[in-house]
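Starting from the given sequences, assemble the full structure and let the hints guide the process.
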Amino acid sequence: MNQRQKVALTLEVNGRNYDVMVEPRKTLADTIREDCGLTGTHLGCEHGVCGACTILADGQPVRSCLMFAVQCEGMALRTVEGLADGDDLHPMQQAFWENHGLQCGFCTPGFLMLAVGYLEQSPDPSEEELRDVLASNLCRCTGYQNIMKSVRQAAVAMRT
Amino acid sequence: MKTWVGRSLPRSEDPPLLKGAGTYVADLTAGAAFLRFVRSPVPSGTISGIEVPDGETVFTGADLHDVGPLRPLLHRSDYVPIDQPILARDRVRFVGEPVAAVVADSMAIAEDLADQVFVDIDPLDPVIGIPAALDPGAPLVHDVAAENTMVDTRYDNGGVEKAFADAHETVEFQLRSRRQSAMPLEARGSVARYDPRTERITLFASIQAPHIVRTIIADLVGMPESQLRVVAPDVGGGFGQKYCVAVEDIVTVWVARRLRRTVSWIEDRRENFMSAFHSRDHRYTITGAFDKEGRLLAVDADLLCDVGAYSCYPVTAGVEPLMAMADLPGPYDFQAYRVRSRGITTNTCPMAPYRGVSRPVITLAMERLMDLASQRLGIDSVEIRRRNLITEFPYKSATGLTFDEGSYVESLERAVEMIDVDAFRRRQREARDEGRHLGIGFSVFSERTGYGTPAFAARDMDVTPGFENVDLVMDPSGFVEARIGASPHGQGLSTSMAQLLGDELGIDPRSVRIVHGDTDRTPYGWGTFASRSMVISGGAAKLAAIRLRKKLAAIAAEELEAAPEDITFDAGKASVVGTDIGIEISTLARIAYHASQKLPQGSSPGLLSQASYDPAGTFSNACHVAIVEVDVETGAVELERFLVIEDAGVLINPMIADGQVHGGVTQGIAGALYEEVIYDEYGNILTTSLLDYLPPTVAEIPVIEVAHLETISDATITGAKGLGEGGTIGAPAAVINAISDALRPYGVEVNEMPATPSRIRELIRASERASR
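So the protein sequences, as listed, match chains A and B. Using my numbering, the final residue of the first sequence is 554, and nothing's skipped along the way. Using my numbering, the final residue of the second sequence is 780, and nothing's skipped along the way.
Calculated from the structure, these hints are not laboratory results. The reader is advised that the hints may include incorrect statements.
What the hints assert, rightly or not - Pair by pair, the computed Cβ-Cβ distance ranges are:
1) G453/A to G614/B: 53 to 61 angstroms
2) I725/B to P517/A: 20 to 28 angstroms
3) A707/B to A551/A: 21 to 29 angstroms
All C-beta atoms, glycine included, are put in the ideal place defined by N, C-alpha and C.
Shown next as structure tokens:
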């Protein structure tokens with residue numbers, strides 16, 4: 395099959411359906427960014443290492459640079475654009491803001507989605523578990539401690 | 009009135025970044041053609057031909073024959089100017105050097121096309137590493153650079169021979185720092201947007217210094233500077249790597265003009281490791297002379313910096329060797345200093361500044377010297393520092409730098425107290441009895457910040473950065489826009505600058521908008537680097553605010569029938585001091601525009617004030633302490649505690665200041681323990697993914713404890729000293745000294761970074777072999 399032959403598919407992102415035409419080789423990350431126009435999901439390495447492209451697929455944090463869009467039809471996808479309710483920030487966003495959990499902001503969407511996805515499944519993690527999970531992603535600016543602080547605070551807010 | 013300065017306000021930058029509404033350069037490619045570079049797969053060779061697929065858009069060095077070369081200049085006889093072609097023409101000089109550019113309608117197709125371009129290269133023997141480059145029989149990377157030396161500078165303050173003759177103890181050691189990458193999480197990239205109506209190009213680029221990028225690209229491409237607008241949108245970290253000009257950005261602009269369409273180049277991670285700038289590939293020989301009491305009498309140093317294949321623009325390949333030479337003495341009081349510092353060219357990726365430039369390595373050198381002398385002389389490692397740190401200010405260093413007020417000894421004493429060193433030593437002894445190896449390491453250092461034109465002029469740079477301009481406008485509704493030449497990219501400058509201006513103008517920081525990173529909207533300035541923005545751009549903003557306030561006071565004085573000098577500004581009001589008579593500042597603004605007949609004579613309508621600031625520079629200082637545990641079986645190092653006593657003068661926003669320290673220290677720890685760009689002997693780069701390069705995650709980084717001292721210095725008009733780089737400068741020495749302290753029973757001294765498990769094991773094995 396010609397690599398440039400496009401296929402039609404429908405992706406559900408943040409509760410909205412996007413009808414897109416993409417090459418089968420196109421990654422989910424590129425599709426979300428270019429075809430759905432949701433550029434909040436960032437690409438830091440395209441090797442699945444940095445986690446900047448982390449989104450939620452059926453509630454699971456996934457590296458969207460390591461998936462193809464054609465794999466994702468029928469999945470409920472959530473990206474950083476779906477976290478806030480208008481001007482009301484999600485508790486995780488609010489906690490990152492209050493605790494200086496970001497500097498340049500490039501890794502932030504990935505950390506937010508990783509932490510939200512994890513806490514939705516495990517609302518009350520130990521310090522050790524939290525550190526383990528957040529070690530999935532890379533940040534170059536913050537030295538991580540304000541990210542840890544933010545996620546701890548958000549965990550409390552999300553439980554209540 | 010200090011209402012806002014000193015408060016940890018949440019950052020105004022954050023809401024869009026949190027909502028996914030940040031706009032980075034890769035978010036601006038809609039409608040653009042995609043450009044992909046074909047890069048040299050060999051480190052050295054002669055191009056004999058380039059085969060390109062039929063009917064496709066491919067540009068080579070021949071197409072760009074009238075563009076460039078890039079020729080970064082220092083006006084000094086110990087620097088050899090080197091030309092860098094924008095696309096390689098006859099020779100290639102490092103793996104990853106751009107040779108051709110292909111253009112297609114999607115990134116994927118551009119990548120396919122790039123794979124179909126065949127570059128025939130007759131390979132030459134590459135020069136990899138400093139020893140190979142200095143071998144008398146070594147091939148030359150550039151014919152004009154004899155002995156593969158681009159910079160060869162010497163300095164002798166006198167008295168060194170005598171000091172060594174008089175010395176009670178001489179300490180000599182070799183130090184090595186392996187090559188690092190600044191590794192911003194967003195790689196580089198640019199979008200050159202072509203406007204068919206005006207034929208103007210807007211270059212959106214992930215850069216730190218838009219104005220100089222505009223000047224050099226317009227020069228090289230041969231277009232009037234007014235036809236080029238350069239914008240740094242949200243930038244995903246720079247750390248110096250995005251300060252120097254990327255040849256790729258020049259190509260993007262040239263291709264957009266040639267094709268008359270919008271063209272984008274988005275660097276991938278592998279390219280970033282191969283072709284974006286590296287840093288800190290150094291080898292030093294340090295010799296120190298001490299008297300019986302442990303006082304440092306003299307230092308003799310031979311500093312070698314691998315600067316890679318080309319010189320970076322605008323700071324040149326001199327940036328590392330010249331800074332290493334000038335700043336090596338640090339905060340230690342000695343005058344007899346002799347140094348030779350060289351920049352050696354090799355067939356590897358070029359160097360550029362990376363957070364701290366040479367200072368993480370020279371600080372490691374001085375702090376190792378102190379610890380080695382402490383061992384040799386049997387003087388406690390804290391005590392030997394006490395005896396040598398500068399205590400009287402201003403202090404003129406051996407290389408002529410003037411240190412303003414600082415708290416070198418005080419920061420050390422505070423750290424000793426907070427750590428409880430005596431208690432640690434007890435714990436260390438107990439642990440050793442159990443076969444566990446704990447160690448403590450100190451690092452006391454200065455961070456030269458906010459240096460303006462005079463400091464850069466001392467390097468004889470053709471392009472001399474330094475000043476900052478700020479245009480401050482209050483609009484008729486009383487809102488303020490500060491247009492600045494600095495170009496922040498994560499440092500929170502918009503928030504802290506608004507706090508500063510809030511206090512100067514007596515208004516809420518939320519009424520202040522900072523405009524940066526756009527050559528159409530901001531006055532000429534040098535961007536954000538070298539821990540300078542709050543000092544220099546902040547200083548210019550303060551001066552502009554004082555002028556604006558004067559004008560507002562004159563209007564208020566007329567309205568309130570008072571003397572202008574009796575008008576104070578606070579909480580959005582101009583009031584007559586000691587009375588409850590006042591007027592809203594927004595009303596004054598309205599008058600300045602809509603009732604300008606009321607303005608005092610000689611006053612122009614509107615509210616615009618401009619100022620520039622160009623200070624000589626100031627010194628922040630800090631003491632870092634690391635406590636580590638080393639597993640002698642595996643060589644693994646665990647950080648148990650990391651303490652920072654930081655003195656950066658007045659803190660505008662303490663939360664942001666702490667964030668800079670956390671991030672800086674983390675990069676310093678990374679350099680001390682993990683990160684290393686590796687080339688094999690054939691010149692292939694082996695570390696081209698984040699998995700190979702080993703940037704630390706949250707699992708490797710301990711809680712970083714930060715305490716502040718606030719020394720007030722008149723070298724900075726805002727009272728703020730810079731602190732962007734200090735964390736990275738000080739941390740490696742603390743960590744490496746701590747490892748050496750932990751391994752004292754083995755007599756092991758670590759003089760290399762990163763101290764990886766295999767290197768630590770090798771040192772232990774060597775020591776065990778020696779003692780058998």
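Results for each hint:
{"no.": "1", "hint": "G453/A to G614/B: 53 to 61 angstroms", "verdict": "holds (56 angstroms)"}
{"no.": "2", "hint": "I725/B to P517/A: 20 to 28 angstroms", "verdict": "violated (50 angstroms)"}
{"no.": "3", "hint": "A707/B to A551/A: 21 to 29 angstroms", "verdict": "holds (24 angstroms)"}
Consistency note: the structure conflicts with earlier hint 2 alone.
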